[in-house]
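Colleague: Letter by letter, the first sequence follows residues 81 to 503 of this note's numbering.
Hints in this document: simulated from the structure, not taken from any laboratory. There's no promise every hint is true.
Dumping the calculated PhoX-like pairs for lysine-lysine here, alpha-carbon to alpha-carbon at most 20 Å [as the list claims (entries may be wrong)]:
1) 164 - 121
2) 136 - 164
3) 164 - 175
4) 153 - 164
5) 164 - 128
6) 143 - 153
No experiment lies behind these values; they were computed from the predicted model shown.
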Amino acid sequence: MIDLAALRSHPDSFRKAWGDRGAPADVDALLAQDTLVRELKTRAEGLKAELNQASKAIGPLAKAGGAALDEAKARARALGDQQKAVDAEREAAEKALADQLLYLPNPCLAEVPLGKDAADNRVAAEWGEEPRFDFAPKPHWDLAPALGIMDFERGAKLAGSGFVTLRGVGARLSRALVSWFLDQHLASGYTEWAVPYLVTPQIMQGTGQLPKFADQLYACKDDPLLLVPTAEVPLTNLHAGEILDAASLPLQYCAHTPCFRREAGAAGVGTRGLTRVHQFDKVEMVWFTTAERSRADLETMRGHAEALLRGLGLRHRVLQLCTGDTGFSAACTFDLEVWSPGTNGWLEVSSCSTFTDFQARRAGIRVRGTDGKPQLVHTLNGSGLALPRCLIALIETYQQADGSVVIPPVLRPYLGGLERIVR
RNA sequence: GGAGAGGUGGCAGAGUGGUCGAAUGCGCCGGUUUCGAAAACCGGUGUGCCUUUACGGGUACCGGGGGUUCGAAUCCCUCCCUCUCCGCCA
Numbered sequence: 081m082i083d084l085a086a087l088r089s090h091p092d093s094f095r096k097a098w099g100d101r102g103a104p105a106d107v108d109a110l111l112a113q114d115t116l117v118r119e120l121k122t123r124a125e126g127l128k129a130e131l132n133q134a135s136k137a138i139g140p141l142a143k144a145g146g147a148a149l150d151e152a153k154a155r156a157r158a159l160g161d162q163q164k165a166v167d168a169e170r171e172a173a174e175k176a177l178a179d180q181l182l183y184l185p186n187p188c189l190a191e192v193p194l195g196k197d198a199a200d201n202r203v204a205a206e207w208g209e210e211p212r213f214d215f216a217p218k219p220h221w222d223l224a225p226a227l228g229i230m231d232f233e234r235g236a237k238l239a240g241s242g243f244v245t246l247r248g249v250g251a252r253l254s255r256a257l258v259s260w261f262l263d264q265h266l267a268s269g270y271t272e273w274a275v276p277y278l279v280t281p282q283i284m285q286g287t288g289q290l291p292k293f294a295d296q297l298y299a300c301k302d303d304p305l306l307l308v309p310t311a312e313v314p315l316t317n318l319h320a321g322e323i324l325d326a327a328s329l330p331l332q333y334c335a336h337t338p339c340f341r342r343e344a345g346a347a348g349v350g351t352r353g354l355t356r357v358h359q360f361d362k363v364e365m366v367w368f369t370t371a372e373r374s375r376a377d378l379e380t381m382r383g384h385a386e387a388l389l390r391g392l393g394l395r396h397r398v399l400q401l402c403t404g405d406t407g408f409s410a411a412c413t414f415d416l417e418v419w420s421p422g423t424n425g426w427l428e429v430s431s432c433s434t435f436t437d438f439q440a441r442r443a444g445i446r447v448r449g450t451d452g453k454p455q456l457v458h459t460l461n462g463s464g465l466a467l468p469r470c471l472i473a474l475i476e477t478y479q480q481a482d483g484s485v486v487i488p489p490v491l492r493p494y495l496g497g498l499e500r501i502v503r
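Between the sequences and the hints, there should be enough to build the whole structure, so can you do that?
Modeller: Right, dumping it as structure tokens:
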């Protein structure tokens, strides 16, 4: 959620920011609504003050009783009716404003390149050479089933299209990656959490999934709970409604969770094999930091994600997303894309963003400043990393002519020393 | 899932219709005292919003929501959470 006071003081910068995102908003209407809300609030509170005075005066009269008391009560009641009417107007106006605010995206940082869609994203860094093969490299959907480490048909049998199974060494390899990722994060100072995979709608609103993206979430039938689309949601909301100790910042959290996404509207596009599935594992990094250092911390966190790909020896690049491609709650985002030799393309395995105070304002996450006053924190999050696409890149990159796959040395300790996956 | 007991400020804990944003203690901050510290004493110490150049004023918040009343921490309804016991169970 944006800062209404900031909108009041420089409406033009917001007008431009939303325009740059391709999500123009009627700023004048917003400001008019805001003015209306404040007028009604002043009137309602003024009446309430009068009513409180009148009620207070009744106390001493109450014992005596009689006509004076009845008269005073009647006057207070009339005042109360008037107050209730104005307050109802205020409430309606406030709700109307809040409903609009919840759908307004976070303005991007000034450095974010202007652009309409993914084609306008800027390549910020590249790492690794394109792998050479003296044979035609296969895509993972051919390689993995042949090795007996993935079974797509049986995933579909269990839960429908978009669900997969990992088998044998495939399942173990995924678990090895999770463990290695987490261990790397712990070494970088992160605290690991295990969190609920189901959360309340209020929590989803805190990080920005609701109300705008309700159609992307899985919901439970008999309970008002939703499956998390990313560990960002529970991790960021851990401190919802809290005032943190300044000395504790920055807080660096990580967690491994499955992620559940309906992917409504994404059917058919790049969905083969493991590329886009409704349920996948991911290790997520979340930071709580200050306005002063959040941008620099984003670089650090992004570095942590990149280090994982380097450790695995996987060719990758970093994109700075343009204004039109940056997600709703984010102010600046770097995507990490890994090279998939089997499909001759890039796959997004991480998205590292600063949310400035946008999520903190929604979720009520503050820190006590040096002046003793609470102020909003800045939140960051980034994947570190998403598992399925790492698996894809890994087996495609390290495939051999005979169809076997060599395991990167860093993972071998997690696989009982296994060096190669053979059929 | 059933029965019971509870949810009050950073913590502990009073308060059962009015003068209660809330006693008291602890903690914390400042001051006096001291060579310094401790102790003692004095003062201060929640959050959001509206309004104001400022000082200030107003309003809301005693788990959440709703209701009764001129007036609710206090009464009623409802939901959530915690604890104890029972049941069930990884």
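Colleague: Now tell me, hint by hint, if it's right for this structure.
Modeller: Structure-based check of all given hints:
1. 164 - 121: holds, 12 Å
2. 136 - 164: holds, 18 Å
3. 164 - 175: Given pair residue 164, residue 175 holds - Cα atoms ~16 Å apart, limit 20 Å.
4. 153 - 164: holds, 16 Å
5. 164 - 128: holds, 9 Å
6. 143 - 153: holds, 13 Å
Of the numbered hints listed earlier, not one is contradicted by the structure.
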